[in-house]
Amino acid sequence: RKEVEQDPGPFNVPEGATVAFNCTYSNSASQSFFWYRQDCRKEPKLLMSVYSSGNEDGRFTAQLNRASQYISLLIRDSKLSDSATYLCVVNAGSQGNLIFGKGTKLSVKP
Amino acid sequence: DAGVIQSPRHEVTEMGQEVTLRCKPISGHDYLFWYRQTMMRGLELLIYFNNNVPIDDSGMPEDRFSAKMPNASFSTLKIQPSEPRDSAVYFCASSPHPLAGGEGTQYFGPGTRLLVL
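Chains as they are written, first to last, in the numbering used here: chain X, 4 to 113; chain P, 61 to 177.
The hints are simulated quantities; they were obtained by calculation from the structure and are not laboratory data.
All values derive from a computational prediction rather than experimental measurement.
By construction, the Cβ of each residue, glycine as well, lies at the ideal position given by its N, Cα and C atoms.
Mixed in with the good hints there might be a few duds.
Claimed, not checked - Within a straight-line C-alpha distance of at most 25 Å, the following computed BS3-like cross-link-like pairs (lysine-lysine) qualify:
1. X:45 with X:108
2. X:45 with P:84
3. P:84 with X:48
4. X:108 with X:82
5. P:128 with P:84
6. X:45 with X:112
7. P:84 with P:138
8. X:45 with X:82
9. X:45 with P:138
What the hints assert, rightly or not - Calculated from the model, a selection of chain P residues having no Cβ within reach of chain X, i.e. all distances over 10 Å:
10. 77
11. 87
12. 143
13. 145
Extracted from the complex, chain X is given alone in its bound form:
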């Protein structure tokens, strides 16, 4: 089983739509969880951390289910500028490094 699994997509949605991405992770010792965003031909950048109680940042909502080892990202009122690849990221247990999923590609159309 891969350490971090995501649906690669692409998700093609119209502007204004709500879209959700899911991710599962295999290491139950993981303590930190993130969503990163990567634009085409650019470097990954932190979008938001994911907290146990769930957290929201504007149109973005992240949820964590430790029992199921499952992370989600919800984007409301999609904008054209949201088009990117979204990477699910978990820390490698007690180590300092992060494990990245392969990403889910989102394309928002006019």
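Use these hints to put chain P onto chain X, whose structure you have.
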């Protein structure tokens, strides 16, 4: 802060040649990471350093790859000899100590696009 700086941004070389990629992390960050990204394999961790000391190099593909961090502000990733299958984007990232806040958030450089012919 200028962020993580990588050079060169693009490199085209011929099989068998030595390639050296360079990285300057964000000042004050304790951790430095080297990644490789391809369409097939996604983002793969090659090696990471803590306070200039290599901690985990299990991701380094083979002996042709080596990395050094002689001081807190500079690291190199060397491929010798290079092969066409090494073609990828190589990212360097740095992060502060988790106790310094940010939960180990990593900040990436712009990457080096390597093409080995």
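Going down the list of hints, with the structure as the test:
Between the alpha carbons of residue 45 of chain X and residue 108 of chain X the distance comes to roughly 14 Å, so the proposed pair stays at or under 25 Å and holds. For a cut-off of 25 Å, the pair hint linking residue 45 of chain X to residue 84 of chain P stands: about 18 Å separates their Cα positions. Distance check on the hinted pair: residue 84 of chain P and residue 48 of chain X sit about 17 Å apart at the alpha-carbon level, within 25 Å; holds. Distance restraint check for residue 108 of chain X and residue 82 of chain X: the Cα-Cα separation of roughly 14 Å lies within the 25 Å cut-off, and the hinted pair is therefore satisfied.
Distance hint between residue 128 of chain P and residue 84 of chain P is fulfilled; the C-alpha atoms sit about 12 Å from each other, no more than 25 Å. Restraint check for residue 45 of chain X and residue 112 of chain X: the C-alpha separation of about 20 Å stays at or below 25 Å, so the hint holds. For the given pair, residue 84 of chain P sits about 15 Å from residue 138 of chain P by alpha-carbon distance, which is consistent with the 25 Å threshold. In summary, the hint linking residue 45 of chain X to residue 82 of chain X is supported, as the alpha carbons are separated by about 19 Å, within the 25 Å threshold.
With a C-alpha separation of about 22 Å, the suggested pairing of residue 45 of chain X with residue 138 of chain P holds against the 25 Å cut-off. Against the 10 Å criterion, residue 77 of chain P stays outside the reach of chain X, whose nearest CB is about 24 Å from its own CB. Every beta carbon of chain X lies more than 10 Å from that of residue 87 of chain P, the smallest distance being close to 18 Å; the non-interface claim holds. Residue placement check: residue 143 of chain P keeps its beta carbon more than 10 Å from all beta carbons of chain X (closest about 23 Å).
The claim that residue 145 of chain P lies off the interface holds: its Cβ sits roughly 19 Å from the closest Cβ of chain X, which is beyond the 10 Å cut-off.
Comparing the model with each earlier hint shows no violations; every hint is respected.
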